[in-house]
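Here is how the chains run, residue by residue.
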Amino acid sequence: MEKSKGQTDFKTKSFDILSEFANSTSKVVQKAADILEEEVAAGVIAAKQVEEIFVKNNKASSDQKALINRFRKDAHELLDVIVNILDVSIKYGTNLTDKIISMDFNNKKGSNNSQTPVLEMPNEVKPGEKVSADMTIRNEGDKNITKFDVFVTELINSSGNKIASTAIKFKPVNINLKPSETKKITIEVNVPKNTAKGSYSGLLQANSELKFKAILLVNVV
Amino acid sequence: MITTSKYDELKQVLAKYNKLAIDSVLSYLPNKEPRKYLYDLVSSYPKRPGKGFRPGLCIATCKAFGGNEEMVLKSSTAIEMFHNAFLVHDDIEDESEYRRGSETLNKSYGNAIAVNVGDALNVLSIRPLMENLFSLGPNMTWTVFTEIEHMVRQSVEGQAMELGWIKENKILIQEEDYLRMILKKTCWYTIIHPMRIGYLTAIGDTEDIDKFNRFGYYMGSAFQIQDDLLNLVGDVKKYGKEILGDIWEGKRTLILIHLLNNCSATEREKISQFLNTPRKNRNEEDVCWIFDLMQKYKSISYATKCAQELAGAALREYMKIFGYLPDSEDKTFIKNIILYMIERDL
Chain U
-11 MEKSKGQTDF
-1 KTKSFDILSE
9 FANSTSKVVQ
19 KAADILEEEV
29 AAGVIAAKQV
39 EEIFVKNNKA
49 SSDQKALINR
59 FRKDAHELLD
69 VIVNILDVSI
79 KYGTNLTDKI
89 ISMDFNNKKG
99 SNNSQTPVLE
109 MPNEVKPGEK
119 VSADMTIRNE
129 GDKNITKFDV
139 FVTELINSSG
149 NKIASTAIKF
159 KPVNINLKPS
169 ETKKITIEVN
179 VPKNTAKGSY
189 SGLLQANSEL
199 KFKAILLVNV
209 V
Chain W
997 MITTSKYDEL
1007 KQVLAKYNKL
1017 AIDSVLSYLP
1027 NKEPRKYLYD
1037 LVSSYPKRPG
1047 KGFRPGLCIA
1057 TCKAFGGNEE
1067 MVLKSSTAIE
1077 MFHNAFLVHD
1087 DIEDESEYRR
1097 GSETLNKSYG
1107 NAIAVNVGDA
1117 LNVLSIRPLM
1127 ENLFSLGPNM
1137 TWTVFTEIEH
1147 MVRQSVEGQA
1157 MELGWIKENK
1167 ILIQEEDYLR
1177 MILKKTCWYT
1187 IIHPMRIGYL
1197 TAIGDTEDID
1207 KFNRFGYYMG
1217 SAFQIQDDLL
1227 NLVGDVKKYG
1237 KEILGDIWEG
1247 KRTLILIHLL
1257 NNCSATEREK
1267 ISQFLNTPRK
1277 NRNEEDVCWI
1287 FDLMQKYKSI
1297 SYATKCAQEL
1307 AGAALREYMK
1317 IFGYLPDSED
1327 KTFIKNIILY
1337 MIERDL
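Going line by line, the protein sequences match chains U and W. -11 is the number of the first residue of the first sequence in my numbering; add one for each residue after it. 997 is the number of the first residue of the second sequence in my numbering; add one for each residue after it.
Derived from the structure by calculation, the hints contain no laboratory data. Owing to the predicted nature of the structure, the values given are computational and were not obtained by experimental measurement. Backbone N, C-alpha and C define an ideal beta-carbon position, used for all residues, glycine too. A hint or two may mislead.
With a cut-off of at most 25 angstroms between alpha-carbon atoms, the simulated SDA-like pairs for lysine to any residue come out as follows [as the list claims (entries may be wrong)]: (1) W/K1012 / W/N1064; (2) U/K19 / W/P1274; (3) W/K1163 / W/F1061; (4) U/K19 / W/K1012; (5) U/K19 / W/K1007; (6) W/K1103 / W/P1274; (7) U/K185 / W/K1032; (8) U/K150 / W/N1135; (9) U/K15 / W/N1135; (10) U/K150 / W/K1047; (11) W/K1301 / U/D4; (12) W/K1007 / W/S1324; (13) W/K1047 / W/E1313; (14) U/K185 / U/K135.
Simulated DEER-style distance windows between Cβ atoms [claimed, not checked]: (15) W/P1030 / U/N164: 24 to 32 angstroms; (16) U/P160 / W/A1011: 53 to 61 angstroms; (17) U/E117 / W/F1130: 19 to 27 angstroms; (18) U/D22 / W/L1022: 20 to 28 angstroms; (19) W/R1031 / U/P167: 25 to 33 angstroms; (20) U/A21 / W/Q1269: 32 to 40 angstroms; (21) U/E26 / W/A1108: 33 to 41 angstroms; (22) W/E1065 / U/V209: 19 to 27 angstroms; (23) W/P1045 / U/T170: 54 to 62 angstroms.
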């Protein structure tokens, strides 16, 4: 018996009639079942295979550009837009430690646009443990960058659980970078013991002049 | 029959989720130039009173499986925007004059403007899907995209099947052809994919997702057949479209297909001539004559029975999918909507 506030189960004659239909062998229903089987075999399975190939390659491929290009080939215009977004997610989403983040004072737009990259910590982490990763930054401009610093908001998952910003540290701080110089920053996330499982994200932002923004993603398992 | 108050209860839940989705849709529509022939018009269909089945089923399925409204709202928004884009283009393709109680965009502004408005709605629907990236992560965002891609592709293929029948004046269509066409044109995007997306968003996985295919197909078929029946016997004020409009358009409904397969050769020839005549040259007398034949050959009652049997089969599938879940408003809402699909009057 299903009953809950605001929605009453229709215990009516109509449902009884439907239940009788449900137990009978109907020609139209049988035809529909056969057609669905054919269509699913032709369509959804094919789509699923594409999805599986993508996920597999997403994890394993060392040449993600080639993967994206393969998807682009013959794709519909709308799909191209979709692929552009996934391109961003792949570039920034799975290779935090490999990615060099370019900084340029002259480029005022920087990354401050709708394609905010996602920086995903490469390893999953359990509550009570910490996870760290190196982020490489490079000064692509022709001026010195002084006192480069990164700030982060609290992280939140889809159920509203949070990890405080104080649990996230950046080392070293106040970095100076000459033109074309590259340095590493270690991001360390100390996940509190009582943290619920889930994918947590928050906004990461550098000194305002650099216009660099990214989503930091931490997977707690 | 279900009492009016019980219908109202279900409609309230539908309206609640529809409002969430429509408010979200409107938030994605640009408030800038060019307004007069684009951005003032893209909100036209979403603002009209719609039923909201798609966002309703998407959000309710997500919640029934432990998710929440927020996590699935962007996907529901995109589905509703794609739906409105389909409607705009569908009205052009069918040369329809009324939609949701008002003049269609093509009637008011002409085909060129309407095509562009539909294109805009299609493109604008990409944005909420892109934004899933920040809340659902890259893999789930990709999975939702693959669902949407399949949904849209099936719909245009189904539409092409139906338009092809009309263009070639195809008379000898079988029930199987019709069932395949509505699976592609209607069921994937009205029921199956909204529910699949709600489910996978809630559980974070595509495991067992295909269990929604049968349920959605049976329910979607019942919905489409009921829609075709309402076009013949509904109240224009409630239904919002022209009554007998499908006959005027020569639409290959289950009712017409049944009639063509059961009437005399002479009658079939005359119907064929009617269908071969351009819409603007068809006359009311012939439309009414075909409607009378549909009654004479019990094509309407046959379609009604098919809708009931399909809804019954949907109920059986519902028990398999939702039976083990804890009771909730959303679980009951989905069960009640099966019956509503075939008893609705709008």
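To see whether the hints hold, each was checked on the structure:
Of the supplied pair hints, the one linking W/K1012 and W/N1064 holds, its CA atoms being roughly 14 angstroms apart against a limit of 25 angstroms. The hinted pair formed by U/K19 and W/P1274 fails the criterion: a straight-line CA distance of about 33 angstroms is larger than 25 angstroms. Taking the CA atoms of W/K1163 and W/F1061, the gap is about 44 angstroms. The hint is violated against a cut of 25 angstroms. Under the criterion of a C-alpha separation no larger than 25 angstroms, the hint pairing U/K19 with W/K1012 is inconsistent with the structure, at around 36 angstroms.
At most 25 angstroms may separate the alpha-carbon atoms for a hinted pair to count; U/K19 and W/K1007 exceed this at roughly 31 angstroms. The hinted pair formed by W/K1103 and W/P1274 meets the criterion: a straight-line CA distance of about 18 angstroms does not exceed 25 angstroms. The hinted pair formed by U/K185 and W/K1032 fails the criterion: a straight-line CA distance of about 49 angstroms is larger than 25 angstroms. For a cut-off of 25 angstroms, the pair hint linking U/K150 to W/N1135 stands: about 22 angstroms separates their Cα positions.
A distance of roughly 40 angstroms separates the Cα atoms of U/K15 and W/N1135; the hinted pair therefore is violated under the 25 angstroms criterion. Note on U/K150 and W/K1047: the hinted pairing is violated, with a Cα-Cα distance of about 37 angstroms set against a maximum of 25 angstroms. Between W/K1301 and U/D4 the CA atoms are separated by roughly 15 angstroms; this keeps the pair inside 25 angstroms, and the hint holds. With a C-alpha separation of about 17 angstroms, the suggested pairing of W/K1007 with W/S1324 holds against the 25 angstroms cut-off.
For the suggested pair W/K1047 and W/E1313, the alpha carbons sit about 23 angstroms apart, so the restraint of at most 25 angstroms is met. Restraint check for U/K185 and U/K135: the C-alpha separation of about 35 angstroms exceeds 25 angstroms, so the hint is violated. Between W/P1030 and U/N164, the C-beta spacing of about 48 angstroms breaks the proposed range 24 to 32 angstroms. Under the hint 53 to 61 angstroms, the C-beta atoms of U/P160 and W/A1011, about 56 angstroms apart, fit the expected range.
Distance hint check: the CB atoms of U/E117 and W/F1130 are about 25 angstroms apart, consistent with the given range 19 to 27 angstroms. Separated by about 42 angstroms at the C-beta atoms, U/D22 and W/L1022 break the suggested range of 20 to 28 angstroms. For W/R1031 paired with U/P167, a C-beta distance near 46 angstroms fails the hint of 25 to 33 angstroms. Remark: the range hint 32 to 40 angstroms for U/A21 to W/Q1269 is upheld by a beta-carbon distance near 36 angstroms.
With their beta carbons about 39 angstroms apart, U/E26 and W/A1108 fall inside the hinted range of 33 to 41 angstroms. Restraint check, W/E1065 to U/V209: a C-beta distance of roughly 26 angstroms satisfies the suggested window 19 to 27 angstroms. Here the CB-CB span from W/P1045 to U/T170 is close to 59 angstroms, well matched to the stated 54 to 62 angstroms.
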